[in-house]
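For chain A, the structure is supplied; the task is to place chain B on it using the hints.
2 protein chains.
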Amino acid sequence: MNRQGILIVLSGPSGAGKGTVRSHLLSSDHSITYSISTTTRSPREGEQEGVDYFFISKDRFQQMIREKQLLEWASVYNYYYGTPKEQVMQNLARGTDVVLEIDVQGALQIKEKYPMGVYIFLLPPSREVLAARLKSRATDAPEEIDTRLKWSEREISMAKRYDYLVINDDVHRAVDTVKAIITAERCRPYLYNLEETWFAR
Amino acid sequence: MNRQGILIVLSGPSGAGKGTVRSHLLSSDHSITYSISTTTRSPREGEQEGVDYFFISKDRFQQMIREKQLLEWASVYNYYYGTPKEQVMQNLARGTDVVLEIDVQGALQIKEKYPMGVYIFLLPPSREVLAARLKSRATDAPEEIDTRLKWSEREISMAKRYDYLVINDDVHRAVDTVKAIITAERCRPYLYNLEETWFAR
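Going down the list, the sequences are from chains A and B. The numbers in this note's numbering rise by one with no breaks, and the one at position 69 of the first sequence is 134. The numbers in this note's numbering rise by one with no breaks, and the one at position 43 of the second sequence is 108.
By construction, these hints were calculated from the structure, which means they are not laboratory data. Treat the hints with care, since some could be wrong.
[Claimed, not checked] Below, computed lysine to aspartate or glutamate pairings styled on EDC-like, alpha-carbon distance capped at 16 Å:
| # | chain 1 | residue 1 | chain 2 | residue 2 |
| --- | --- | --- | --- | --- |
| 1 | B | Lys150 | B | Asp162 |
| 2 | B | Lys244 | A | Asp241 |
| 3 | A | Lys244 | B | Asp241 |
| 4 | A | Lys225 | B | Glu260 |
[To be verified] According to the in silico footprint, chain A covers these stretches of chain B (three or more CB under 8 Å from chain A):
| # | region |
| --- | --- |
| 5 | 188–200 |
| 6 | 219–232 |
| 7 | 245–254 |
Glycine included, every Cβ here is placed at the ideal spot set by N, Cα and C.
Okay, chain A solo, but in the shape it has when bound (with noise of 0.2 Å):
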């Protein structure tokens, strides 16, 4: 059987989860690609070129947008983040499942364009753990903190706009339910041929 790829779109505030989540899923599922985003931010502790984003010059960035390269791109307190796109289109057409990681505007930017992806919104269970959450990552300046609060909660509101909503009160629990998703979404019936596969002679 030669299927198609599945996009599958890991998304939600900045708090949320967002990269535990996608690297727990990807250690326990080979079958899935990442795909990495690009971005003009500094790099966060821990964080490698390469592995977690491309780190760009802004103008190396702008360049990109001209040249149509990116699948979506947003600016997010005043920092550029995008995917590139040619990478995500060979591995859907080779019939790799590759997944993004990426803030609410450019998921909703990428699902106009491609609605068969799988949009996940992923939800911290509440105001408290959100705040808690990003005053624990010292790189961010207090101020850094407050804009993203407020920016949060109104990408919150989008919530009802993906496919599905996962609460991450527990990462692992968080994972099992992402992986059970794309466990359905493999099993969508145009992603299978019957007259090849079950009706061939």
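The following block gives chain B in isolation, referenced to the frame of chain A:
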């Protein structure tokens, strides 16, 4: 959170293993209620009244049709099969997820009236396995098996009208897949009231 129940329709051709998958599913997830169908056919060995089916007379069945007490009904191999409406609707209204195990005709009939249900098509792995399964049912006469096989092939061509297609090559794997589908469907954003939960102060 007081959400509406999810209607899960487990369907597929005779010999797909609907009954086995359903019973494993129900014994591993006690939050789901099974809605017992009613039929005019005789009980197979081991089948119990009020557990597997309500076995009723043709006269009584026709009365239920006239009084619109059935969510769907069909005549298959000269027997009537149907789903009593009242119990299903009461369970969904009180937030209980309900599983139905029905033939393809009946499932597609319900899908027209209730598109927000989750329609799962169970597929035997091959024509050979399907034939062997039908033959192993000692209660069915040989000519009945032939009729069922031909009918099954017609039904399999309708799999694309379902939400999900699950290949039943191994019952435990098929049950796990159905459970993953239910987990995923419980994450649909319209089941959540974020205004009442996340945004409530």
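Tested hints:
no.	hint	result
1	B:Lys150 / B:Asp162	holds, 15 Å
2	B:Lys244 / A:Asp241	holds, 12 Å
3	A:Lys244 / B:Asp241	holds, 12 Å
4	A:Lys225 / B:Glu260	holds, 11 Å
5	188–200	holds (count 3)
6	219–232	holds (count 10)
7	245–254	holds (count 8)
Violated hints: none; the structure is consistent with every hint.
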